[in-house]
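Colleague: So you can see what is in the structure, the chains are spelled out below.
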Amino acid sequence: MSLFKKHNNVLPGFGMTLGFTIFYLSVIVLIPLSALGFRTMGLTWSEFLSTVTAPRVLASYNVTFGAALIAASINAVFGVLVAWVLVRYRFPGRNIVDALVDLPFALPTAVAGITLATIYSSNGWVGRYLEPLGIKVAFTPLGITLAMTFIGLPFVVRTVQPVIEEIEVELEEAAVCLGASRWQTLSRVIFPVLLPSILTGFALSFARGVGEYGSIIFIAGNMPMVSEITPLLIITKLEQFDYEGATAIACVMLLASFLMLLVVNILQKWSRRYAE
Amino acid sequence: MQNKSNSKSTGHTQTEPTVVRWALITTSLVFLALFLALPLAAVFSQAFEKGLSVYLEALKEPDTLSSIKLTLITAAVTVPLNLFFGVTAAWAIAKFSFPAKNLLITMIDLPFSVSPVISGLIYVLIFGLQGWIGPWLQDHDIKVVFAVPGIILATIFVTFPFVARELIPLMEAQGKEEEEAALVLGASGLQTFFLVTLPKIKWGIIYGVILCNARAMGEFGAVSVVSGHIRGMTNTVPLHVEILYNEYNYTAAFAVASLLAFLALVTLVVKTIAEWKVRQALENN
Chain G
1 MSLFKKHNNV LPGFGMTLGF TIFYLSVIVL IPLSALGFRT MGLTWSEFLS TVTAPRVLAS
61 YNVTFGAALI AASINAVFGV LVAWVLVRYR FPGRNIVDAL VDLPFALPTA VAGITLATIY
121 SSNGWVGRYL EPLGIKVAFT PLGITLAMTF IGLPFVVRTV QPVIEEIEVE LEEAAVCLGA
181 SRWQTLSRVI FPVLLPSILT GFALSFARGV GEYGSIIFIA GNMPMVSEIT PLLIITKLEQ
241 FDYEGATAIA CVMLLASFLM LLVVNILQKW SRRYAE
Chain W
1001 MQNKSNSKST GHTQTEPTVV RWALITTSLV FLALFLALPL AAVFSQAFEK GLSVYLEALK
1061 EPDTLSSIKL TLITAAVTVP LNLFFGVTAA WAIAKFSFPA KNLLITMIDL PFSVSPVISG
1121 LIYVLIFGLQ GWIGPWLQDH DIKVVFAVPG IILATIFVTF PFVARELIPL MEAQGKEEEE
1181 AALVLGASGL QTFFLVTLPK IKWGIIYGVI LCNARAMGEF GAVSVVSGHI RGMTNTVPLH
1241 VEILYNEYNY TAAFAVASLL AFLALVTLVV KTIAEWKVRQ ALENN
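Chains G and W supply the protein sequences, listed in that same order.
Under this note's numbering, the first residue of the first sequence carries the number 1, and numbering increases by one thereafter.
Under this note's numbering, the first residue of the second sequence carries the number 1001, and numbering increases by one thereafter.
Possibly wrong hints are sitting among the right ones.
The calculated DMTMM-like cross-link candidates involving lysine to aspartate or glutamate, where the alpha carbons are at most 25 Å apart (straight line), are [claimed, not checked]:
| hint | chain 1 | residue 1 | chain 2 | residue 2 |
| --- | --- | --- | --- | --- |
| 1 | W | K1277 | G | E173 |
| 2 | W | K1202 | W | E1247 |
| 3 | W | K1271 | G | E166 |
| 4 | W | K1176 | W | D1109 |
| 5 | G | K269 | W | D1139 |
| 6 | G | K269 | G | E168 |
| 7 | W | K1271 | G | E165 |
| 8 | W | K1202 | G | D98 |
Treat the hints as calculated values from the structure; they're not laboratory data.
Quick caveat, the model's predicted, so the values are computed rather than measured.
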């Protein structure tokens, strides 16, 4: 223990608090998550591979990752726009709008799910205007994208917003003094500073979309091969008592989200190069 | 800080033309109205579609009441546990230095990057009938999965990082000089925490707790996997919303959903206030 203790720190409770932290973390998070790994090891490599690459499973990856990619891209564009407008411009109701951005974090996913399904169904508030145009949202992959856009929006706004707040006005003034147009200043000076945070927000929004369940299943239609997302497939397998199948697919998803976590960490390190 | 706000106000002389500015404001407001305000309005509109009496009738239904009770119990167990964890973890991480600290922070954040469905699945793998200790539990007539303990465990997992991740950066920024001074002046460890540290992190705690509570009461995916959906027994409010909706009982589904939407609005208000107070506390630092 003496190795861990920083010399002459007079504050008490280090051993106890760190001990409890590690204990609680292990019991609630680490041991249960490791169950996923151990359970998957019960399968042979070929069993595992044939489970996670079955046609219906592959189709679900396509739907899930494809929709999440589109949703994260929409959020990257509109999220930056919203963040920019909230930081740089003054308009009535700005504070309320700012608070409302977090609604997808606060609103339970099941509520978001049934509401989006109702609004975009063929006789819903928005759906009834889209239907004559030949656009069907509810019960199609488009609906999945919509739900993922809803739940992923705050991630981009909230990662980009503080970075815009921190931009030194001198930076822009210098660009103007050197003869840059407003557009050149935005694209050559401001955009590179924002890029790491935009990519971080994109990755967070993407990761959230891939794992999302509650807000999607009501609007998705859940047709195998067409509009079935991977998390739903895990639940379907569980309900058929196919624990091994559910675990194998869950393992693939977990690896994907760890990969995203790694990407986010690298991006955040990259963004810190501007901090100094 | 003074300096910064000064330079910011002069900076507004250099901006986009008015037309562009209003075009951007309008575009983002329309986008937000369509994606955020409209769904929120729809929840309440659908809930009250058939009038107040039908609305109240739906809420008074016994299955609804028992789902509300279960959700309250779940939050009442989950939030204090994760609060206690958050404070102890933040104390260890923010006030001391030790190896692999960043790894520990990453692991605390882990539940945020795990799909809710997987968060439920892992507890089925351990406590379910085919799970590690499932058979032993059955021999001793203890039910975890498809019962209240499983729901609580899954909820603890998904709300695990909320308090900790709010307090760690806040307490790191505040340093430890004031605590050291208190100890040198003869305060005990607990006195130091309750009289010196706690007042400084009060709004950070409120912020973490309100978000933790919102997620605990609203969690759907993880709870759905471990609940077993037994009406009146293991249905939380979000699961009850799903059942009513799937039974085409839309008015009742939205009536119950409106309770959760109202909770979300309260959460946003408290969160905004707490955020503002935390910012203030950091600036005074």
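Colleague: Give a verdict on every hint.
Modeller: Each hint tested on the structure:
With a C-alpha separation of about 32 Å, the suggested pairing of K1277 (chain W) with E173 (chain G) is violated against the 25 Å cut-off. Distance hint between K1202 (chain W) and E1247 (chain W) is unfulfilled; the C-alpha atoms sit about 44 Å from each other, more than 25 Å. A distance of roughly 22 Å separates the Cα atoms of K1271 (chain W) and E166 (chain G); the hinted pair therefore holds under the 25 Å criterion. Simply put, K1176 (chain W) and D1109 (chain W) have alpha-carbon atoms about 24 Å apart, close enough for the 25 Å limit, and the pair holds.
The hinted pair formed by K269 (chain G) and D1139 (chain W) fails the criterion: a straight-line CA distance of about 51 Å is larger than 25 Å. About 20 Å separates the Cα atoms of K269 (chain G) and E168 (chain G), which keeps this hinted pair within 25 Å; it holds. Restraint check for K1271 (chain W) and E165 (chain G): the C-alpha separation of about 20 Å stays at or below 25 Å, so the hint holds. Distance restraint check for K1202 (chain W) and D98 (chain G): the Cα-Cα separation of roughly 23 Å lies within the 25 Å cut-off, and the hinted pair is therefore satisfied.
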